[in-house]
Amino acid sequence: MIVKDVVCPFCGCLCDDVEVTVEDDRVVAVDNACTLGTSKFLGDHRLPGPIRRDGNGWKDISYDEAIRYAVDMLLDAERPLLYGWSSTHGEAQCVGVHMAELVRGVIDNTTSVCHGPSILAIQEVGHPGCTLGVVKNRADLIIYWGCNPIDAHPRHLSRYTRYADGFFLENAFRDRTVIVVDVRKTETANIADEFVQIRPGGDYAVLSALRAIVRGKTDTIPRSVSGVPREQLLRIARRCKEAKFGAFYFGQGITMTRGKYKNVRNAIELVDELNRHTKFTISAMRGHYNVYGSNEVNTWMTGYPFGIDFARGIAFYNPGETTAIDVLARRECDACLIVASDPAAHFPRPCVEHLAEIPVVQIDPYANATTAFCNVQIPVAVTGIDAAGTAYRMDGVPLRIRKVIESGYPSDEEILSRMYAMIQEVRSE
Amino acid sequence: MSELLIRNACVIDPINGIDGETMDIAIRDGRIVEDVNDSTAEVVDAGGALTLPGGIDSHTHICGTKVNFGRYMSPEDMRAGRTPRMGRMHATSGYSVPTTYGTSYRYSAMGYTTLLEGAMAPLEARHTHEEFLYTPLQDTLANTLFDGNWAVMEAVRDGDTKRVAAIIGWTLSAVKGFAVKLTNPGGTEAWGWGKNVSCIRDPVPYFEVTPAEMIQTIVRANELLHLPHSVHLHCNNLGTPGNYSCTIGSLGLIPDLNDRRQTLYATHVQFHAYGGSGWDDFCSRSEPIARFVNMRPQIVIDMGQVMFGKTTTMTADGPMEFNLYRLHHNKWSNHDVELETASGIIPVLYRRKNLVNSVMWAIGLELALLTENPWQCLLTTDNPNGAPFVRYPEIIGLLMSKRYRDAEFATVHPETGHRVPLPAIEREMDWHEIAVMTRSGQAKALGVLEIGKGHLGVGAEADVAIYPIRIDEVDPSVEYQKVVDAFRCTDYTIKRGRIVSRRGECLVDGNNTTVWVRPKISDSYDMVRDEEFVRKFDRYYTVRMSNYPVQEEYLRRNLWRRNLCIETEAEL
Amino acid sequence: MKFLMITGRTVNQGAYVERKLSAQYADETSTCFMHQFDMMDLGITDRERVQVTGPCGTVVLVIAASEDVNPGTVFVPYGPYANHIIGGHTHSTGMPDFKSIEVEIEATTEQRKGVYELMEELGGVAYDR
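Residue numbers (this note's numbering), protein chains in the order written: chain H, 1 to 429; chain C, 1 to 572; chain F, 1 to 129.
I should point out that these hints are in silico values taken from the structure, not numbers from a laboratory. No experiment lies behind these values; they were computed from the predicted model shown. Virtual Cβ for every residue (Gly too), placed ideally from N, Cα, C. Just so you know, not all the hints are guaranteed correct.
Cut-off 30 Å, straight-line C-alpha distance, at most; resulting in silico cross-link-like pairs (DSS-like, lysine-lysine) [unchecked claim]:
1) H:LYS4 to H:LYS59
2) H:LYS217 to C:LYS331
3) C:LYS195 to H:LYS241
4) C:LYS520 to C:LYS536
5) C:LYS482 to C:LYS310
6) C:LYS482 to C:LYS402
7) C:LYS331 to C:LYS402
8) H:LYS244 to C:LYS331
9) F:LYS2 to H:LYS185
10) C:LYS353 to C:LYS331
11) H:LYS185 to H:LYS241
12) F:LYS2 to H:LYS262
13) H:LYS217 to H:LYS262
14) C:LYS162 to C:LYS536
15) C:LYS353 to C:LYS310
16) H:LYS403 to C:LYS331
17) C:LYS195 to H:LYS217
18) H:LYS241 to H:LYS217
19) H:LYS262 to C:LYS310
20) H:LYS262 to H:LYS244
21) C:LYS353 to C:LYS482
22) H:LYS241 to C:LYS331
23) C:LYS520 to H:LYS4
24) H:LYS244 to C:LYS536
25) C:LYS331 to H:LYS262
26) C:LYS402 to C:LYS310
27) F:LYS113 to H:LYS59
28) C:LYS195 to C:LYS536
29) H:LYS244 to C:LYS353
30) H:LYS4 to C:LYS536
31) C:LYS162 to C:LYS520
Just so you have them, the derived chain H footprint on chain F, three or more residues with Cβ under 8 Å [said to hold, decoys possible]:
32) 1-8
33) 12-26
34) 65-72
35) 79-85
36) 91-104
Derived Cβ-Cβ restraints for the label pairs, each shown as a range [claimed, not checked]:
37) C:GLY159 to H:ASN318: 15 to 23 Å
38) H:PHE173 to C:ASN373: 55 to 63 Å
39) C:ASN323 to H:GLU124: 18 to 26 Å
The following block holds chain H by itself, in its conformation from the complex (with noise of 0.2 Å):
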């Protein structure tokens, strides 16, 4: 059987144009999508049961076992720090919320490490965005600044930028011009018209020389500044303000980098004064395929899009001391319950050696790095092949994520939901 139209849960692209072929609730062929989002598709190897550490090994265990060491965890812990988030649905991520609110954790998404600095920047100074369509459509600009969406999000290109059909440009690839601008020349600035290398840490000097450019304070600008030569960001400044449609697109290149988000400030500065000239459109290039969604959940529950602290009762946000890094590097939290995450590949070396310390419950479909240092992980489903739910793309465009195959392991919502019942019995009242 093929199914049309599935949506991909791997970037934030969420490109919902992908052909699947299941066979024997297996999927055994996949159409449209890139080679990410195949390779998961088509992902076997899934841990095949709950398992629970003993000493220097493993066993198995029950769901209801695990459940309730789960619960067990968070009851007891006086400090809880409820991290990961993102590549699930929308549903399960509701139910963390409210079992935060009840444990009085902490819950952060994995936007602290990836866009993290990108909302603190909006949270300063806002953000002038678009739906990708908008670009699809209008733009005859696009800049990829810190962003490598040939091997981060491979469909970018095709689906809305370079190779996108698009209503208002006749010929879309050629009336498009794309400049890259990066630290190193990536695949994807081999395909852009203009490439704009500049040193490691270098990004908010040449914002900053744009800006000034760009207000027609041309006479500042020094012979180059950050590798960059004074007559490339001339021109640069000369295509945005000439753009009918620009579309900036940044990446983990400015977030994570000296300035972080100062730097992403400064890139929407920029877009507000290109806007004086032309229309001009910003956005982060969103990682995993429901991060965006994490955001969302977490505001409308909480307030705020990550690093949530309930401690005292109420939504306590202050990222840098309610921010799961944080949290790990100083040793506070006592147990951590992690959903659709892998910290111990992709956390700093301090916090993976606070989380030996500590009880932890994994939730996922997989053994991963983080499975070395939990005491009970819970399968699940993957949402969007086993599993339904809500995801919101990189662009806030919300779509139901299908199931495709019956695979017999329970949703995130479905195991989360059940502790969450079981937490209220104790503490609500």
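Given the structure of chain H, go ahead and fit chains C and F onto it with the hints provided.
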């Protein structure tokens, strides 16, 4: 079977002609009935307190992409309204844009049981419906945006009203919307190029239709679909000095096409009632607008009252927000939605010491006081644009008391008196008029009387608000503070026969209803079968047509949640 | 020699991100992309191993020659190897320094470890069934 009996209620129920009569209200299984078994029913003694149908907000921004972005970008606003988890109540955050629970609890404390989200982009409808699920104590409905819809504009250009109706009908059913919203029609498409339309005769770039043509055609299409509500219009040119003539021009386009309700609902008219040629001679033009409305029963407006203090502005009117940004230089967000609409957000502070803000404050009140028939001017702040909804009780107080208005007027910018007629207006509204302006008028304008909203007659949904005030003992003209206090917090808010809020404490998790429409359209006008529509959809949207409609899952996440589809017989 | 280390996503790292225990994931995330000139200075050739020391520790990576990185800079795909030497300080932003990290690199004959060996070094227990 559950039964509830409210005793000694001092009822004002304008739809049923009840004006301050002390009586009992019997409720069975969520509806009002003739009587219940006195010995077994749960009894609430209202003690002669003012009892009204549950409040209805016919234009508020509470759920969806733009609202949530208002929260997301504003931790300072979130910090300004925090409550901890307590009893059945979840933690809440936010002052001008509260979290969904915050919105629901605070509206419920004020006796509101039905809310219409003012602007939902069809492409992002799923988001609005998700947030509706977490707004547990009110029934919810969504205005659906068509102001920059490419297929609609093309059909308008071709003069094909039936095709316009067909596209709107398909879209509303697909996204589970309730009514047609036009926000700065044509302007949101022009904003795709950083431009705007200046008024109703200014053509939209590329599409070559004018806002006037769009408004006129869509109003007729709305009636072909026999939708419960009329077209809901946010006029072009919001917020600019001298825009009142554009507003009157827009209202003048509207024939009287419906004998059960208005043909056009013009929203937050305060923002569209400005005179002058610039900020220097900015002044009120509430009088010509109110006069115009007084002569045309086919028009209903809402106030869009401004109250002083901090708030967040958010609207689909993207170009207007950019202009506001250039005035305020505060943070600015924008979000254009492909083939459909736009939006923008900026935080603002309305100051008494600012002349323009003072004039704005006066205009909203003037519109209410100068519109003779309260059924034609409803109480809103365009929450949170003019002020957060928690300011409604003060507005009620101001409308009921000349003395309160004068006291406030003494504190605004001293030049205001030369710019506005407010000080000369003597009218003080009575309890009945306030009931009309906060629930019954909304129910009639939205066309939801038929489903039992906005009144307390037998068969109505048992949504009831009991306010801690005795209208025979209080003179609102003098004791306006008592009025304000009473409307801030009910003794009881009852939703479909269950007590959901008691003196501000919410008691249940709630089981709200999403109300939406499905016009029945013949196959020949079914857009899914229209090759050109399907081809363009798949080519220019970034979402496949099969993934666009909002699935039923978003209306009934749990078993006890109800969704109410109003089916209409379209003339197509 | 001192270098600036940059980490980032690659298509292979992404394709194996749900298969962290695979050899391909380990190979990809333990690769250190370096400019030829720097390799000459270090006296190493393609696929040889280096010891990289960062703010929080030391890890063995495998060199891959690349013209896409500037001399003085190395690129390592985002994953457990790079993170093995990165610190947890976030300058009150919640975000650690994942890019532009000063590291010391020298040739080594030590073996590159597996993902679980790294995890065990930090106190974890391998799940290898």
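At a Cβ distance under 8 Å, does chain H reach at least three residues of the segment 12-26 of chain F?
-> Our answer is that it holds, as 8 residues pass the Cβ test (under 8 Å) against chain H, meeting three.
Does LYS244 (chain H) pair with LYS331 (chain C) here, judged by a C-alpha cut-off of 30 Å?
-> Roughly 24 Å between the alpha carbons, so the hint for LYS244 (chain H) and LYS331 (chain C) holds.
Does the structure keep LYS217 (chain H) and LYS331 (chain C) at a Cα separation of 30 Å or less?
-> 23 Å, holds
Would you check the hint for LYS353 (chain C) and LYS482 (chain C), treating anything up to 30 Å between C-alpha atoms as holding?
-> Holds, at roughly 27 Å.
Test coverage of the segment 91-104 of chain F by chain H using CB-CB distances below 8 Å; three residues minimum.
-> Holds: 10 residues of the segment 91-104 of chain F have a Cβ under 8 Å from chain H.
Straight-line Cα separation of LYS217 (chain H) and LYS262 (chain H) no greater than 30 Å?
-> 21 Å, holds
Is it true that the CA of LYS244 (chain H) sits at most 30 Å from the CA of LYS536 (chain C)?
-> 23 Å, holds
Within 30 Å, alpha carbon to alpha carbon, are LYS520 (chain C) and LYS4 (chain H)?
-> 28 Å, holds
Do the alpha carbons of LYS353 (chain C) and LYS331 (chain C) lie within 30 Å of each other, as the hint requires?
-> Holds. LYS353 (chain C) to LYS331 (chain C) sits at ~22 Å (cutoff 30 Å).
Given the proposed pairing of LYS331 (chain C) with LYS262 (chain H), does the C-alpha separation stay at or below 30 Å?
-> 15 Å, holds
Within a Cα-Cα threshold of 30 Å, do LYS4 (chain H) and LYS536 (chain C) meet the stated pairing?
-> Cα-Cα ~19 Å, so holds.
Take a quick look at whether LYS185 (chain H) and LYS241 (chain H) sit within 30 Å of each other, Cα to Cα.
-> 25 Å, holds
In summary, the structure is inconsistent with hints 1, 7, 16, 29 and 37 from the numbered list given earlier, while agreeing with the others.
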